[in-house]
Amino acid sequence: MAFSIAVQIDDFDVGQEYSDLVANDVSAGAVVFFVGRVRDFNDGKNIASLSLEHYPGMTEKILQQILDEARRRWQLVSARIVHRIGDLQLGDQIVFVGTASAHREHAFQAAEFLMDFLKTSAPFWKKEKSRDGSFGWVESKDKDDKAAKRWE
Amino acid sequence: MAFSIAVQIDDFDVGQEYSDLVANDVSAGAVVFFVGRVRDFNDGKNIASLSLEHYPGMTEKILQQILDEARRRWQLVSARIVHRIGDLQLGDQIVFVGTASAHREHAFQAAEFLMDFLKTSAPFWKKEKSRDGSFGWVESKDKDDKAAKRWE
Amino acid sequence: MIRVVFFAQLREQLGTAKLDVSIERVKTLSELKQHLSLQNPSWESALANTKLLVAINHAYVKGNHALADGDEVAFFPPVTGG
Amino acid sequence: MIRVVFFAQLREQLGTAKLDVSIERVKTLSELKQHLSLQNPSWESALANTKLLVAINHAYVKGNHALADGDEVAFFPPVTGG
Chain A
1 MAFSIAVQID DFDVGQEYSD LVANDVSAGA VVFFVGRVRD FNDGKNIASL SLEHYPGMTE
61 KILQQILDEA RRRWQLVSAR IVHRIGDLQL GDQIVFVGTA SAHREHAFQA AEFLMDFLKT
121 SAPFWKKEKS RDGSFGWVES KDKDDKAAKR WE
Chain B
1 MAFSIAVQID DFDVGQEYSD LVANDVSAGA VVFFVGRVRD FNDGKNIASL SLEHYPGMTE
61 KILQQILDEA RRRWQLVSAR IVHRIGDLQL GDQIVFVGTA SAHREHAFQA AEFLMDFLKT
121 SAPFWKKEKS RDGSFGWVES KDKDDKAAKR WE
Chain C
1 MIRVVFFAQL REQLGTAKLD VSIERVKTLS ELKQHLSLQN PSWESALANT KLLVAINHAY
61 VKGNHALADG DEVAFFPPVT GG
Chain D
1 MIRVVFFAQL REQLGTAKLD VSIERVKTLS ELKQHLSLQN PSWESALANT KLLVAINHAY
61 VKGNHALADG DEVAFFPPVT GG
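Residue numbers (the numbering used here), protein chains in the order written: chain A, 1 to 152; chain B, 1 to 152; chain C, 1 to 82; chain D, 1 to 82.
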């Protein structure tokens, strides 16, 4: 479990993910994680729920490639990406990215890198349901493209 | 508990800290945390344990100032700093920094900022016990000063 | 045979999630797009969207690309996970 | 009275965690350091260390600074928490 990815319908337990990341490894002096959750506002719309579609097979392949690239760039003891699919409600957890390293700057940078590339290259799509009952596909954001470009 | 600090002998529970950070707040779409742990190597020495001294009163004041500054700089829903003092063993948790925001870049930057300033301005001092039984005060690192300077 | 798959908005716009095209008819990605637009004129504008991403066998490609029997070609809008 | 406190290596080098100095004798930080070195000649080099940090009433100060009755002055090495 030192380096792993998961695409799943089920929720994840952040405390458990953290424990798994540092399990029995006393060189993991620095642990960073990110959790993305369904939030109430997006692009000015009142969000009620989300539906997450993905491209089975390609999603896992891309997440694994991003993880491998992070291992090449930084000294990591462990790292993990978990992304949920299916129907999610307000406040539900969507994504977990965790990194452990002997060095804090490596753990932070790798976690940001993983999120930036996940956002722009992993084939997931969000469809939002607003509180007024309307549905709409989430638009990709220029700032996410810019965030990913800084690692080139 | 939306914004709080703690200096304590007791360990902290990362899962619980995470839950407290996002409790009932559906605007916290992005949560970042950092955990620092006692690691086995530092400056080439084999570490067996640590003792953490601090300046009671000033420590809490500085941590609060750092937290207030992060709130001024970024849009945060909640943030927390927990730092332990006293005797710690290999693998023990030392510090927790958590940030929650509607925006991932705010959560990441605030967490890095909190750690960088904690490292260079909060009056804590580590004394290491090596596996050969010798004791030594940890030296401050130039790279920590540099990390803090990037926020000026 | 080429397996063609569509996702998200594009899947909804085309009303199709997947279809198969004979490799005899399309030797390249450009030919595949032309073929799809000819067969389904209402798809033309959706498939002409320059923001669409294209993957062959789960790997992103840009520009034109040769196709081989058994390839899976995916068309989809910019991704929005995370 | 000025309360003077020392931490970490410095506390160990001086063999002292805290002491009080009469405000009559020291009106500024510089005078305080001079006073401490005169009273304890073995402290002089440790207190002359330019890397030492200084705080008055829990706030960092740089350079010289006036002292007032009741102030708490802290001397300590660069911090190493986190």
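The set of hints was computed from the structure by calculation and includes no laboratory data.
If you're wondering where the values come from, they're calculated on a predicted model, not measured in any experiment.
One or more of the hints may lead you astray.
Beta-carbon label-pair distances, calculated as ranges [what the hints assert, rightly or not]:
1) B:68 x A:64: 50 to 56 Å
2) A:75 x B:68: 32 to 38 Å
3) B:152 x A:71: 30 to 36 Å
4) B:43 x D:16: 24 to 30 Å
5) D:50 x B:45: 41 to 47 Å
Backbone N, C-alpha and C fix where the C-beta goes; we use that ideal spot for every residue, glycine too.
Verification of the hints:
At roughly 41 Å, the beta carbons of residue 68 (chain B) and residue 64 (chain A) sit outside the given window of 50 to 56 Å. As the Cβ distance of residue 75 (chain A) to residue 68 (chain B) is approximately 33 Å, the hint placing it in 32 to 38 Å holds. Take residue 152 (chain B) and residue 71 (chain A): their Cβ atoms lie about 32 Å apart, and the range 30 to 36 Å holds. Between residue 43 (chain B) and residue 16 (chain D) the Cβ separation comes to about 28 Å, which falls inside the hinted range of 24 to 30 Å.
In this structure, residue 50 (chain D) and residue 45 (chain B) break the distance hint of 41 to 47 Å, their C-beta atoms being roughly 26 Å apart.
Hints 1, 5 from the earlier list are contradicted by this structure; the remaining hints agree with it.
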